[in-house]
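Chemist: Residues per chain are reported as follows:
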Amino acid sequence: MPLIWIILAVLALGAAGYVLGRKRAVSSAGGDIRILHSLPNYYGMNVFLTAVVPALLVLVVWLLVQPAVIQRQVTQLIPDNDIMESGELSLIMSDVRRVADGLDRALEQGALSREEARMIRSEFTNIRETLASIGVALGDDVNADVLAAAQRYRTLQTTGNTLMTAAVLILAALGLGYAYSRTHKDFRARNTVERAVLSILILASTIAILTTVGIVLSMVLETRDFFHLYPAREFFFGTEWIPSFEGGSHLGLLPLLWGTLYITFIALLVAVPVGLFSAIYLAEYAGRRMRGIAKPMIEVLAGIPTIVYGLFALITVGPMLRDYFAEPLGFGTSSSSVMTAGIVMGIMLIPFVSSLSDDIINAVPQSLRDGSYGLGATQSETVKQVILPAALPGIVGAILLAASRAIGETMIVVMGAGAAATLSLNPFEAMTTVTVKIVGQLTGDTDFSSPEALVAFALGLTLFAITLGLNILALFIVRKYREQYE
Amino acid sequence: MTDASTPVPPKSSLYATSDRVKRRNRSETRFRAYGFAAITVGVLALILLVISIVSNGASAFRQTYITIPVELTEARLDPAGNRDPAEMARVTTFGYAPLLAQALQQHLQGQGISMEGVTPRDLMAMISQEAPAQVRALVLANPEIVGQTVTMEMLAGGRIDGYFKGRVTLESAERDSNVSPAQLLLAERMAEAGLIETRFNWAFITGPDASDQRPEAAGLGIAILGSFYMMIVVLVLALPIGVAASIYLEEFAPQNRFTDAIEVNISNLAAVPSIVFGILGLAIFINFAGLPQSAPIVGGLVLTLMTLPTIIIATRASLRAVPPSIRDAALGLGASKMQSVFHHVLPLAAPGILTGTIIGLAQALGETAPLLLIGMVAFVREFPDAPPEGFFDPTSALPVQVYNWTQRSDPAFVERASGATIVLLVFLLFMNAMAVILRRRFERRW
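These protein sequences, in sequence, are chains A and B.
The numbering used here puts the first residue of the first sequence at 1, with every later residue one more than the last.
The numbering used here puts the first residue of the second sequence at 1, with every later residue one more than the last.
So here's chain B without its partners, still in its complex pose:
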């Protein structure tokens, strides 16, 4: 019983690809392209991010300075004439500002630089508001220079600085109430005469933060120090506690409810949103235990709790990687369990533990959200003392400083925030590179 209508198989040849195969191959190519596109998107995002931060922030490391001779008139700065710093301190920065204005005006006239379109008031606005304070600090530190004419290097105002970095242009100055094109043209002439120069800005890395009005003076010193203090606290607390906890869980813990509870807790804590740790810090360390706000000790404690799971997970992995034969050999030679762990297993696991710790510290260094809640956003201009007292002084932290600067209105702070981000990323890069090198050098494969 044959069915005459059996479809005749289409003529196919091994040498010609059929439509179906073509379609399948096309779909294969397409799928591959999707995958490649996905990778490209990821890599492009990284490149775009780095370019965006670097192009915005690189200029923060350079700063524009005005150099002019300033006559430090005795009549103004030391009316009593006895060079007593305590009495001279009565002259505030408002007493110094006119001196600078006068000096600038005179020097420009002397150099034959025309000041057309720039009133004396505008002229003063070209110097940073920070400059009188700088001069005052210098005079109070060396009272004997009063009465002399000293060549001073002063910060230029934020807009003038922006002009030399390309952030402010003559067109944008038309619309800006804080700067006029005439001021910029004058700055240009001053630069030609060698009175204004732009050079590397150490004060950005070492100086304290400055107020909203003077972005040109804002620095990262306190933030870096604060972050450093917190890292010390984290290292001192998280490393021993994390290692102790991992040794117990990996080597001694019996299988019971209690151990299970700890395990579940650790894996959950690793996934709890960081801001929740901030709430914990606020409620327990500040409101309950009465520790001071914005202090590195509180930040360090909160970050310790956040870093612990990372360190514990890394430590346990590297303890597990030590082969059981090492333990057996130690036990066989008469060591106690504790001795076998502390004398043999732990030293062999040390490189892995160190690597995990550095990565945990790097995470903690970049963490921002919990620090906002424990008052690290406060404006701090005083450097903290040396530890241990310094742990209780108010400071800022690097990532929080970035956030802080983005919240200010002057556009010059965008540059500062990006510059601070570059510093943060350099620190992170350094730490991660160290972790990679440690792993490459010391990790042993069994």
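So here's chain A without its partners, still in its complex pose:
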């Protein structure tokens, strides 16, 4: 039974339960709802939740666990020498899955009868051609082992699905029956329902924790595999990045880290003065009309997706820098460069710096300004000598947050910075960053047991650690500073 029907069936059971439960509660009170402990709808709701929630939970868990169990069962059927031949178990398994799906589809379209599909033999039928005729393309001819595994896969899949459907529906029916039998005028339905709702709320809020755990686990496990294949020392201190899928690659972090930090530095060089000065101007000088126009325009910059900035770097800023600066000055002929990516990323960060600084400048108490003006200081002197020193910790925090943004930014550097991992000082040269290499190593067909693919997880973990550290530091500084004036 397709998934959607199972879910609909469970919901239908729940709805029926709602109506039944409500009716039973009302009739147990003799039609006078004032005698009931709770409002009648709560009795219905109680039956609905008892029927639906456990059934759907089981469904989700089953869906997550079943593929792993079947995978393990089927893998045992594939002899070791097959794995040796094609080098990769996951490749065989994807073949197995495709054959199994193909057979199922053939059944569906009537190209094979149920009996034929079950008895099909690679010795007698050309399975590849049969499946190709219904639109399932196979890379290789199917050998007997793969076919056996595919057949096993199909039977396990069918039994699994039948069992799951049965289990979920029975559970829903049981829940319905149990809750229905408990429905009585003295039953504290509201308290039960509210407890259930509360636990759903708690469950929803733990997703944040689960996500973090998921992020850390997925990267730590793969990174451990990577360090089994490639020495950690060479990764962290290597100065060369030359991946080659035939083996013998050099996967040193340093050139990538250098590119990342260089670009971040240039981005901050653009974003911090512009963002800070515009925040000061808007907060201290600009009139109402000017603020009404300029502030939204700068904030629009924050709503533009990074892919658009990347395109801007690629088709406008890069060629412009190359034609007007790099080539005449003899710095190089590449349109993708540290400068391109840095400037565009700086533009992206302007609203980020300016809105954070705006908050911080506005948090400086008015009494400090008034004191300064009272002593005869001009506006700019007040800003420079009173407001900025008072706001300094907050501004440092804002800059750190902006830096962490810049370090983790991907699309602008993918499209604007280039792919060459070099340790160079020339800002008009193409360099690459950690994020570019994560994208580079993980897009396309990748073999997840080679160090060249696994290195992306180590890079991701490094990136995660750096940005997390910067964020925590920044939040700490900002929070510490806020306390001063509150």
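I should point out that these hints are in silico values taken from the structure, not numbers from a laboratory.
The beta carbon of each residue, even a glycine, is placed where N, CA and C say it ideally should be.
Check before you lean on any hint, since a few could be wrong.
Among the chain A residues that face chain B by a calculated CB cut under 8 Å, a handful are [said to hold, decoys possible]:
| hint | residue |
| --- | --- |
| 1 | Ala-208 |
| 2 | Thr-211 |
| 3 | Pro-273 |
| 4 | Val-274 |
| 5 | Ser-278 |
| 6 | Ile-298 |
| 7 | Thr-410 |
| 8 | Ile-438 |
| 9 | Leu-463 |
Footprint (simulated), chain A over chain B, 3 or more residues, beta carbon under 8 Å [stated by the list, open to error]:
| hint | segment |
| --- | --- |
| 10 | 16-27 |
| 11 | 36-49 |
| 12 | 197-210 |
| 13 | 268-276 |
Since chain A is already given, all that's left is putting chain B on it; use the hints.
Modeler: The following block gives chain B in isolation, referenced to the frame of chain A:
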């Protein structure tokens, strides 16, 4: 004891500004100018960005078409002569191409348009490689038109299209191996005869992507649909989960370690680089749970996790903005805590929650990096099925399509990528405008 050498204060007058005051005033003006310059830089950057995208991309919405009568010869298209689509499908696009070449050549001769300097082969190159496929699809759909002469509208080749949009010039054609000036001059003559026209290009918005060789046929249909599917997934998952989490944290959570851990996690997740979410999606949803690559369901799940912090932060702010007197009044009338939240606080906070959700969705719509890692870059030409099965079919996404097109060699794809960006920006503008209107209309100040 007086010191005779006490400096005499410099002669100063209230009517004349001293040097020092002048200097201070100058520095004041300078400081002001810096601030103004900073604003100008920011605004200019925005204007430059918009101009750059629009000027490059506006032409993607127009396309050049060649209209000629084509004789659909029976001998070529349906050798058996029984109009059976299954048998006619054996004739591939290679069987159709000569028909078009012949038709074009004959029609030009008939119209008296000279073809000097253009070989028949070059002539064929002026029609898009997509055109034979278009004709074939038309013939297979209506087998009865075989044998007739039908007036067909076909896409012109990418370079010819570029000539009418000003991207290709006679000078650049000299250096381009894909097009010759003679072809462009012929195109010019054809345009004068009314055979070539440039008009609005719906196929760009509704059609599927096309291969590297035929930028003129590339469309955004699948990408828009894929993005739309992902937004559905995000909305269906992120909104209820986000609201539930915020209600718990804001209204019920006790002050303890567990709550603290959740709070810290949410603020950190909001700052984790988006590509890290892509790694999570790849490792957990694809490699561990075995969900298919390039599927909107995986993209939607990853974007849900990314959008959750935004929605939670917005929802909590709008729950906090509901005054405590509302809760107190509800409790005072005998409502339970849960009833006071769900019957009174939540409806009052709804506009703020909706606004936050729309802004979160807008962010998710423009996100690219995590989608690259879960295989959304794949070349997809088949439209996905309707949901829910369609959620598991391979699709593309709008921002990824932009990236994809920038990676192709033909310069015509720059125009396509910019055009796709315009579509993306229009969607975002629409969503943000909706959020602003919602806020203006329904937000209540207490």
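Chemist: Taking the hints in turn, state whether each one holds.
Modeler: Going through the hints against the structure:
A distance limit of 8 Å between C-beta atoms decides the matter here; for A:Ala-208 the minimum to chain B is near 4 Å, and the interface restraint holds. For the restraint placing A:Thr-211 at the interface with chain B, the shortest Cβ-Cβ distance is roughly 5 Å, inside the 8 Å limit, so the hint holds. Because the smallest distance between the Cβ of A:Pro-273 and any Cβ of chain B comes to about 7 Å, under 8 Å, the interface hint for this residue holds. A cut of 8 Å between beta carbons decides the hint on A:Val-274: the least distance to chain B is about 5 Å, and the hint holds.
Taken as an interface hint, A:Ser-278 checks out: its beta carbon lies about 4 Å from the nearest beta carbon of chain B, inside 8 Å. Checking A:Ile-298 against chain B by beta carbon gives a least distance of about 5 Å; that is within 8 Å, so the hint holds. Because the smallest distance between the Cβ of A:Thr-410 and any Cβ of chain B comes to about 4 Å, under 8 Å, the interface hint for this residue holds. This hint holds: A:Ile-438 has a C-beta 6 Å from the nearest C-beta of chain B, less than the 8 Å allowed.
Annotation: A:Leu-463 was flagged as interfacial toward chain B, and the flag holds, the nearest CB pair being 6 Å apart, inside 8 Å. Interface restraint, the segment 16-27 of chain B with chain A: holds (3 residues with C-beta to C-beta distance below 8 Å; minimum three). Only when three residues or more bring their CB closer than 8 Å to a CB of chain A does the claim for the segment 36-49 of chain B stand; here the count is 11, and the claim holds. Against chain A, the segment 197-210 of chain B contributes 0 residues with a C-beta closer than 8 Å to a partner C-beta. That does not satisfy the three-residue criterion, and the hint is violated.
For the segment 268-276 of chain B, the stated coverage by chain A holds: 8 residues have a C-beta nearer than 8 Å to a C-beta of that chain, and at least 3 were required.
Checked against the numbered hints above, the structure breaks only hint 12 and satisfies the rest.
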